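Taking the hints into account, I'd like the entire structure generated from these sequences.
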Amino acid sequence: MRARGVTFNLEFTQFYQGLAAGSGDKDFDYGGRLDALINLDTGKLGLWQGGGFHTHLEYRFGNLSAFQDGILFPVNTGKILPLNSPDAIVASSLYSSAANLAIAHPCWSAKSMWSIC
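Counted from 1, the sequence shown has number 71 at position 71 by the working numbering; the numbering is strictly sequential.
In case anyone wonders, no lab produced these hints; they're calculated from the structure. Among the clues, some could well be false.
Unchecked claim - Quick list of the computed label-pair ranges, beta carbon to beta carbon:
id, residue 1, residue 2, range
1, Ser97, Ala36, 27 to 33 Å
2, Val6, Val90, 17 to 23 Å
3, Ala36, Tyr16, 21 to 27 Å
4, Pro86, Gly43, 35 to 41 Å
Keep in mind that this is a model prediction, so the values were computed, not measured. Where is the CB? At the ideal position from N, CA and C, for every residue including glycine.
Next up, the structure:
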């Protein structure tokens with residue numbers, strides 16, 4: 001698929017966390033997340049050279065407590081983001097890219113950026 005312009009990067013992270021000392025529940029919980037980074041190369045897909053579409057899909061599972069023992073900041077931001085979406089797939093980013101045609105053009109010069117050869 002890479003030769004045709006589609007790449008997937010998958011990252012799977014597991015968490016096993018709990019409160020080792022202090023006041024509160026001493027049970028340990030399990031959870032995790034799956035991140036999928038998908039890139040589409042428009043040149044290899046036959047659309048236009050120098051462009052692409054990119055997305056980051058996130059899925060998290062488990063019910064880990066992010067705020068333990070009365071702290072103000074989460075002990076594990078990887079388990080609370082994206083917000084309000086346990087057991088759901090979320091597209092946290094979706095964007096396109098394109099090469100700067102003025103710089104990529106072989107006849108470009110500092111004197112006249114808009115000259116046509």
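Against the structure, the hints:
Between Ser97 and Ala36 the C-beta distance comes to about 18 Å, which lies outside the given range of 27 to 33 Å. Taking the beta carbon of each, Val6 and Val90 are about 21 Å apart, inside 17 to 23 Å as hinted. Between Ala36 and Tyr16 the Cβ separation comes to about 23 Å, which falls inside the hinted range of 21 to 27 Å. For Pro86 and Gly43, the hinted distance range of 35 to 41 Å is satisfied, since their beta carbons lie about 38 Å from each other.
Hint 1 from the list above is the single one not met by this structure.
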